[in-house]
Amino acid sequence: MTLSVTELSVSAEDRRIARLAAAAVGLSLIDAAIPTPLPGVKPGLANIVTLLVLARYGWTTAAWVTGLRVLAGSLLLGQFLAPGFFLSATGSVASLGMLALARHLPERWFGPVSWSILAAFAHIGGQLLLARAWLIPHDGVFLLTPVFGAAALFFGTINGLIVARLMNEQPHSGPLHA
Amino acid sequence: MAWLSLFRPGDWLLLLTGGALVGATVPLFWQGGFADRAIIRKDGEVFAQVDLRARHNLSVPGPLGTTLISVEPGRARVVSDPGLRQYCVRQGWLSRPGEIAICAPNRVSLQIAGRTKAYDSLSY
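Residue numbers (the numbering used here), protein chains in the order written: chain A, 167 to 344; chain B, 10 to 133.
Chain A extracted, bound-state conformation (with noise of 0.2 Å):
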């Protein structure tokens, strides 16, 4: 038998992703610790990290960061694979998927508040789907979408306005400190 050495070669890019994967993990367990009135009801503070490395990156890398935030997020908080775990999946697919055409608006105009709002609006209104056809089948789940739609405006622009902040600080890529 011989002994066979399996080498993973790390590129500085994985080390990249994996490094804006933790603050995004970070920022969503502080997420989950905020108590909130309503479920679903939350700031969603890990999309700064997506928009941010959206910006920065581009589109492969903010969904690397975002799949990897709630892969090792749900496994954190004990959620893997229970309801909470798909509709945060869902949202974030809704939300990239909505992404990959809102960073096509042209920049002069639109900037990273536009990317949060349609972000936000694009994930809970995943979310609201896979709620209706999978966990509470019946059209009542829709009763709450004013209370959801004001909530991912207000806290979509609030993002929206952190990045575009952050954005401003550090106008020049660069090691990102989350």
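Honestly, I wouldn't trust all of these hints.
Chain A side only, calculated, beta carbon under 10 Å to chain B, not exhaustive [as the list claims (entries may be wrong)]:
1. LEU271
2. PRO272
3. GLU273
4. ARG274
5. PHE276
6. GLY277
7. PRO278
8. VAL279
9. SER280
10. LEU284
11. GLY315
12. ALA318
13. LEU319
14. GLY326
15. LEU327
16. VAL329
In short, the hints are calculated from the structure, not lab data. The C-beta atom is built at its ideal place from N, Cα and C for all residues, glycine as well.
Go by the hints and put chain B onto chain A.
For chain B alone, kept in the frame of chain A given last:
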């Protein structure tokens, strides 16, 4: 303020559009606009279906006596019931689809119904 300078023109547009959209969903989803009739049952059988648009009073005879039901535009309630504990009377006005007042001793129930059939409860 410094924060305001972070908005780009399109951001304002999107914020206002989003606000208008959310505002538009409020009446659509949240005014109980779905409630359109009251179903009164006696012994589990439908005794009467009353449109919630008009004022209406109804007496339903049961084994203990008469249950009085009052219907007003958009809402309905049990006014009086011969039952001992008066649970259905104390529930007051019902206005959302799926809400129900059950006068069990007199075997009468009053339920609000909408266009879509509501579930009583769901469990997993």
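Tested hints:
no. : hint   : result
1   : LEU271 : 7 Å, holds
2   : PRO272 : 8 Å, holds
3   : GLU273 : 8 Å, holds
4   : ARG274 : 7 Å, holds
5   : PHE276 : 4 Å, holds
6   : GLY277 : 4 Å, holds
7   : PRO278 : 8 Å, holds
8   : VAL279 : 4 Å, holds
9   : SER280 : 5 Å, holds
10  : LEU284 : 7 Å, holds
11  : GLY315 : 4 Å, holds
12  : ALA318 : 8 Å, holds
13  : LEU319 : 5 Å, holds
14  : GLY326 : 7 Å, holds
15  : LEU327 : 5 Å, holds
16  : VAL329 : 9 Å, holds
In summary, this structure violates none of the numbered hints.
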